[in-house]
Amino acid sequence: MLSLIGMGPGHIDYVTPEAAAAIRRADIVLAFDRVAETAELIRTPIVRIRRLDDIFAHLAPERDVALLVSGDPGFFSMLEYLHAQRVEIGRVIPGISSLQYFMAALRKSWHGVTCLSLHGRDDDLAALKDVRIAAMLTDKINTPQHISKRLHQLAWRGRLYVGSHLSYPNERILAARIGDEIDDDGSLSIVVVERDEMAS
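Note that the working numbering gives residue 66 to position 66 of the sequence shown, counting from 1, and the numbers run on in steps of one.
Rather than coming from a laboratory, the hints here were simulated on the basis of the structure. Everything numeric in this text was worked out from a predicted model, so none of it was measured. A few of these clues could be false.
[What the hints assert, rightly or not] Simulated DEER-style distance windows between Cβ atoms:
(1) 157 to 43: 46 to 54 Å
(2) 172 to 12: 13 to 21 Å
(3) 127 to 45: 42 to 50 Å
In this text, a Cβ means the ideal position worked out from N, Cα and C, and glycines have one as well.
Go ahead and model the full structure; you've got the sequences and the hints to work with.
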């Protein structure tokens, strides 16, 4: 049986007791490097995977396999991919997503936030034309700087917040105006943008 387990934003303090118990019970635990570092505080060994294809080599009906993912499995994560690959998932254990953590850090409600992942995807910011507040997962191409400049070109005016390395000791939270220069490489970041008002 495969258990898909959300590990939260990164720090061990945000791994739920249910997730930790499932990790300890599993016959084999799979994780990419960053998540594996946290999981190794719960148990060893952790099988470090490098590519998505590595997952399938370890799946077997008679084994209790735990696949660990950052954040929550259903928030731009592995759940959708595994369904598309027709992998049978016995259990999904939720985790605290980067969005939940960041909005709490900003002391803002995330009710009504439009979510978009730009991680490994094309820039789709023009699709946000009727949105007041949006959250975006970034990457090294779609960086916070790119988002700030692109939204300014699309006539957005308002605030932009960048959270990077959330929950880690080197956590960094920046606030700026949309259009400002943003010093962040986007590798482990989430951006929240909030319009001053909707364009007429």
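How the hints compare with the structure:
1. For residue 157 and residue 43, the Cβ-Cβ distance of about 49 Å falls inside the hinted range of 46 to 54 Å, so the restraint holds.
2. Separation of residue 172 from residue 12 is about 19 Å and conforms to the stated range, judged on CB atoms against 13 to 21 Å.
3. Here the CB-CB span from residue 127 to residue 45 is close to 43 Å, well matched to the stated 42 to 50 Å.
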